[in-house]
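Student: Start from the sequences, fold in the hints, and give me the full structure.
Protein chains: 2
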Amino acid sequence: MAIYLKAKKLDFSTGKQLIVLMNEEEANNFGIQAGDKIALQWRGDKLVNVEVNLSDKKIRPGFIGLYEDIWKKYPLEINEIIELHLLSRPDSILAVKKRLLGKKLDYEDIYSIMKDITENKLSNIGVTYFVAASFFYPYTNDELFYMSKAMAETGEIIHFGKGIVADKHSIGGVAGNRTTMIAVPIIVSLGITIPKTSSRAITSPSGTADTMEVLAPVSFSAEEMREIVKKAGGCLIWGGGFNLAPADDRILKVTNPLSLEPYDKMIVSIMAKKIATSVTHLVIDMPIGKTTKVSDAKTAAEIKKKFEYIAKKYGIKIKVEITKSSDPVGKGVGPALEARDVLRVLQQKENRPLDLEEKSLKLAGVLLELCKKATAGEGKKLAQKQLQSGAAWNSMAKIIKAQGGDPDIDSEKVTIGAIKHYVNSQKSGKIKMANNKKINDVCRILGAPGDKLAGIYLNKEIGDIVKKGERLFTLYARNDARMSLAKEAIKKLKIFEF
Amino acid sequence: MAIYLKAKKLDFSTGKQLIVLMNEEEANNFGIQAGDKIALQWRGDKLVNVEVNLSDKKIRPGFIGLYEDIWKKYPLEINEIIELHLLSRPDSILAVKKRLLGKKLDYEDIYSIMKDITENKLSNIGVTYFVAASFFYPYTNDELFYMSKAMAETGEIIHFGKGIVADKHSIGGVAGNRTTMIAVPIIVSLGITIPKTSSRAITSPSGTADTMEVLAPVSFSAEEMREIVKKAGGCLIWGGGFNLAPADDRILKVTNPLSLEPYDKMIVSIMAKKIATSVTHLVIDMPIGKTTKVSDAKTAAEIKKKFEYIAKKYGIKIKVEITKSSDPVGKGVGPALEARDVLRVLQQKENRPLDLEEKSLKLAGVLLELCKKATAGEGKKLAQKQLQSGAAWNSMAKIIKAQGGDPDIDSEKVTIGAIKHYVNSQKSGKIKMANNKKINDVCRILGAPGDKLAGIYLNKEIGDIVKKGERLFTLYARNDARMSLAKEAIKKLKIFEF
Numbered sequence: 058m059a060i061y062l063k064a065k066k067l068d069f070s071t072g073k074q075l076i077v078l079m080n081e082e083e084a085n086n087f088g089i090q091a092g093d094k095i096a097l098q099w100r101g102d103k104l105v106n107v108e109v110n111l112s113d114k115k116i117r118p119g120f121i122g123l124y125e126d127i128w129k130k131y132p133l134e135i136n137e138i139i140e141l142h143l144l145s146r147p148d149s150i151l152a153v154k155k156r157l158l159g160k161k162l163d164y165e166d167i168y169s170i171m172k173d174i175t176e177n178k179l180s181n182i183g184v185t186y187f188v189a190a191s192f193f194y195p196y197t198n199d200e201l202f203y204m205s206k207a208m209a210e211t212g213e214i215i216h217f218g219k220g221i222v223a224d225k226h227s228i229g230g231v232a233g234n235r236t237t238m239i240a241v242p243i244i245v246s247l248g249i250t251i252p253k254t255s256s257r258a259i260t261s262p263s264g265t266a267d268t269m270e271v272l273a274p275v276s277f278s279a280e281e282m283r284e285i286v287k288k289a290g291g292c293l294i295w296g297g298g299f300n301l302a303p304a305d306d307r308i309l310k311v312t313n314p315l316s317l318e319p320y321d322k323m324i325v326s327i328m329a330k331k332i333a334t335s336v337t338h339l340v341i342d343m344p345i346g347k348t349t350k351v352s353d354a355k356t357a358a359e360i361k362k363k364f365e366y367i368a369k370k371y372g373i374k375i376k377v378e379i380t381k382s383s384d385p386v387g388k389g390v391g392p393a394l395e396a397r398d399v400l401r402v403l404q405q406k407e408n409r410p411l412d413l414e415e416k417s418l419k420l421a422g423v424l425l426e427l428c429k430k431a432t433a434g435e436g437k438k439l440a441q442k443q444l445q446s447g448a449a450w451n452s453m454a455k456i457i458k459a460q461g462g463d464p465d466i467d468s469e470k471v472t473i474g475a476i477k478h479y480v481n482s483q484k485s486g487k488i489k490m491a492n493n494k495k496i497n498d499v500c501r502i503l504g505a506p507g508d509k510l511a512g513i514y515l516n517k518e519i520g521d522i523v524k525k526g527e528r529l530f531t532l533y534a535r536n537d538a539r540m541s542l543a544k545e546a547i548k549k550l551k552i553f554e555f
Numbered sequence: 058m059a060i061y062l063k064a065k066k067l068d069f070s071t072g073k074q075l076i077v078l079m080n081e082e083e084a085n086n087f088g089i090q091a092g093d094k095i096a097l098q099w100r101g102d103k104l105v106n107v108e109v110n111l112s113d114k115k116i117r118p119g120f121i122g123l124y125e126d127i128w129k130k131y132p133l134e135i136n137e138i139i140e141l142h143l144l145s146r147p148d149s150i151l152a153v154k155k156r157l158l159g160k161k162l163d164y165e166d167i168y169s170i171m172k173d174i175t176e177n178k179l180s181n182i183g184v185t186y187f188v189a190a191s192f193f194y195p196y197t198n199d200e201l202f203y204m205s206k207a208m209a210e211t212g213e214i215i216h217f218g219k220g221i222v223a224d225k226h227s228i229g230g231v232a233g234n235r236t237t238m239i240a241v242p243i244i245v246s247l248g249i250t251i252p253k254t255s256s257r258a259i260t261s262p263s264g265t266a267d268t269m270e271v272l273a274p275v276s277f278s279a280e281e282m283r284e285i286v287k288k289a290g291g292c293l294i295w296g297g298g299f300n301l302a303p304a305d306d307r308i309l310k311v312t313n314p315l316s317l318e319p320y321d322k323m324i325v326s327i328m329a330k331k332i333a334t335s336v337t338h339l340v341i342d343m344p345i346g347k348t349t350k351v352s353d354a355k356t357a358a359e360i361k362k363k364f365e366y367i368a369k370k371y372g373i374k375i376k377v378e379i380t381k382s383s384d385p386v387g388k389g390v391g392p393a394l395e396a397r398d399v400l401r402v403l404q405q406k407e408n409r410p411l412d413l414e415e416k417s418l419k420l421a422g423v424l425l426e427l428c429k430k431a432t433a434g435e436g437k438k439l440a441q442k443q444l445q446s447g448a449a450w451n452s453m454a455k456i457i458k459a460q461g462g463d464p465d466i467d468s469e470k471v472t473i474g475a476i477k478h479y480v481n482s483q484k485s486g487k488i489k490m491a492n493n494k495k496i497n498d499v500c501r502i503l504g505a506p507g508d509k510l511a512g513i514y515l516n517k518e519i520g521d522i523v524k525k526g527e528r529l530f531t532l533y534a535r536n537d538a539r540m541s542l543a544k545e546a547i548k549k550l551k552i553f554e555f
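Heads up: the protein sequence lines correspond to chains A and B, in order.
With positions in the first sequence counted from 1, the corresponding number in the working numbering is that position plus 57.
With positions in the second sequence counted from 1, the corresponding number in the working numbering is that position plus 57.
Among these hints, one or two may not hold up.
Which copy is meant is left open, so a pair is good if it fits within one copy or across any two.
Subject to a maximum C-alpha distance of 25 Å in a straight line, what follows is the list of computed DSS-like cross-link-like pairs (lysine-lysine) [unchecked claim]:
1. LYS362 - LYS419
2. LYS114 - LYS310
3. LYS494 - LYS94
4. LYS322 - LYS160
5. LYS494 - LYS63
6. LYS155 - LYS322
7. LYS155 - LYS310
8. LYS549 - LYS63
9. LYS178 - LYS310
10. LYS525 - LYS551
11. LYS65 - LYS549
12. LYS154 - LYS310
Calculated directly from the structure, the hints in this document are not laboratory data.
Tutor: Have a look at this one:
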């Protein structure tokens, strides 16, 4: 279909993109939508490709407004008649349709989708069709690779020069799992770059970024991040401060309303961010258990394979560690309580949670072996040496300082909730289980992660034999209001099972 | 999961619904969304079911605001601790998920979806998942029936008392197809109620409502419609003036961006509106041709069966007429030109378009036979009698008057475009084809349907033998700007093919 409109010269310029403005109603009548690409033709055969913006006031029907970038480049009279050629829909729409019809997508297709998601040219509706299609035709491994690659490449890519760039990533769901904040300084203390970005809590009472924020600021630009890594050899910052794999958030928006948790989406999202931060060596920590994100070994094995496929394609050395876990790692849950646990381990205090230390050493060891800093089976020993010698704490203090925190902080000086409440056992017996989800719920009710001081300290752990009246756990809150809510909640939400 | 919050009494009341207000961020943390249903519990076992609204300012975290309707009904202290029980997602979300997973939906499922679409409780994202699912698991006939039923029942239902309520519906795509405005008064003239609602143009240069609007107002409420039908025995009004099958528009919104044209959606949308206007006897006119909505006989036959299935379920007597058509019916295209054609037929003028008359008589005849006003094969003859005797025009004049127009309008007094331009043949030969889509495009460029005066009058038709220099068609426009665009356009858009 050809359309004819009269030219108006507009006083706008983008400096690069060629934009035309059409009357909204008229454009709708012609089936043209904002963001559509069309070709203009006047004075001969030459076609000028432009993008359409719409306005219901700035341009009357029958006219087309041309940005300065167009009429300064090509000779044109006001009121000159311009022929519009409708090009086919944007590639991303065509790609979405293609997948809806059950065809596989190639990299160009997927790139166009990720690009248009990032640039807000694909509507939520289009994104939803794309996600919906994956229900019927699961992504192939290649599509997963393309998606993570395209998701990374349509955002900021951060380079740290040559050499190893290590990373570890835990697939959440376990309360108090702050191994990252211990493993990272161990790695750094051995001269390996590890520019760790973490998320804030989504459903848990504290994400690594929330916990680290108790010790130092965590919001930085990509440039600031590079500076910090240059100074301290690594960092522990929030990943949302710059434009890493920006399509991820938009996709999340359309999966949330149905409470869908596609594992494929999670894999793509994690790998895209690793690609964007130029990671070369990666350990994935995937705890499985009744109350974690991945609950069975079979699913875990499938997820593992997909991670490995994508990593291989990108030349990333990867190790996926599947661990059994239903027990909180560490004794504190909530930002400040977890930060205290982390410091107790790094500062090798008597009262440190040994299970957190153990798990962190194991993970750090795996990563050290992957990076060939230690021979097979020797990684954990090397990690332990770094921890016991104080080298790891020394590296952490440098990171805290580089991020603007107080490097002299002592674990026992971390401020914990303004008020506390002890909960004692009402019977004697052996603790058989600690319920992660219920711990999360109570922490949320106490105010975490918004209130950094709020949380639960577990005085007992699985396997402990307790007597009636013995202290089980301690609630911390900023104020009475929150505490009274939590007291009410724990009548029903049983933290420990006997 | 149980959540505990402190009660605030709010000074708001809805008069019926029980609403609570939660802090937006806190609610998000708990996975609660606006519109979710939850149960409240305080002082004993009683559960009070309420709906959640969110605010980021009106309510602080840790508190829950209760509308007057709640605390006037149930005793409650300010700051009393309330336990929240999350109920499962709204039924509509569960139903959408069910269909995404390939299961069939029952009436309750579909009703919940249509209801939540209508009440804006299902987001565009949810609606898109619903539509997307139909790509992989096509609707069953029962689902189509449920959808049209639920779509009707979640909107306004208009009753016209006992007896026959007739209707005819053309599935668009043919320019200048104004048979409705001729068939309706023929039916009315025989004492049959026909409360015709029509749409405005979506992609064509004039919808029936646009054309009728040249003769009389067409926007009325349901109550006004009933009044008009009472006075005139029928009406020819715009269907968008009241709340008929309101879910239809929201669904349309998510099918548009991909330029999807699912026939099932069209069938459901048409039948829902017939159900909502209590139609008992229905003729569907479905032209097939290269440039119409349905292009092949096989598809037409499938669509026909689906219409028949739904109609039977609802006890509607139906006749689906599949006709071949690529030729515009009538000579004028554009609101005023089409209105003039209609009047010429109803007023039995010498210069009336005979193909439009013929087609209208045929359709009216089918409907008369369906309504048992004529025996099989005699319907068209009866229709012709009503037309020739002036009874049909008499009924039309009553309808025009009841809708507030001038019943004394003569076909030759209809105002046609302020300026005109004749287009003559550049060669001699026989006209083999008239291209509907190109006629539509040129009419749009001339300004139709916004400019009622604009359009094309076809001086020749398919089969005519023309000499070089003979007049082929006439362009009408409100102003020179539009005319010059159209003149440019017809250099490329060939209306007739020789």
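Student: Would you mind marking each hint as holding or not holding in the structure?
Tutor: Verification of the hints:
{"no.": "1", "hint": "LYS362 - LYS419", "result": "within (21 Å within a copy, 67 Å between copies)"}
{"no.": "2", "hint": "LYS114 - LYS310", "result": "between (31 Å within a copy, 23 Å between copies)"}
{"no.": "3", "hint": "LYS494 - LYS94", "result": "between (49 Å within a copy, 22 Å between copies)"}
{"no.": "4", "hint": "LYS322 - LYS160", "result": "both (19 Å within a copy, 23 Å between copies)"}
{"no.": "5", "hint": "LYS494 - LYS63", "result": "between (64 Å within a copy, 22 Å between copies)"}
{"no.": "6", "hint": "LYS155 - LYS322", "result": "both (19 Å within a copy, 20 Å between copies)"}
{"no.": "7", "hint": "LYS155 - LYS310", "result": "both (22 Å within a copy, 20 Å between copies)"}
{"no.": "8", "hint": "LYS549 - LYS63", "result": "between (71 Å within a copy, 17 Å between copies)"}
{"no.": "9", "hint": "LYS178 - LYS310", "result": "both (15 Å within a copy, 16 Å between copies)"}
{"no.": "10", "hint": "LYS525 - LYS551", "result": "within (16 Å within a copy, 93 Å between copies)"}
{"no.": "11", "hint": "LYS65 - LYS549", "result": "between (69 Å within a copy, 23 Å between copies)"}
{"no.": "12", "hint": "LYS154 - LYS310", "result": "both (20 Å within a copy, 16 Å between copies)"}
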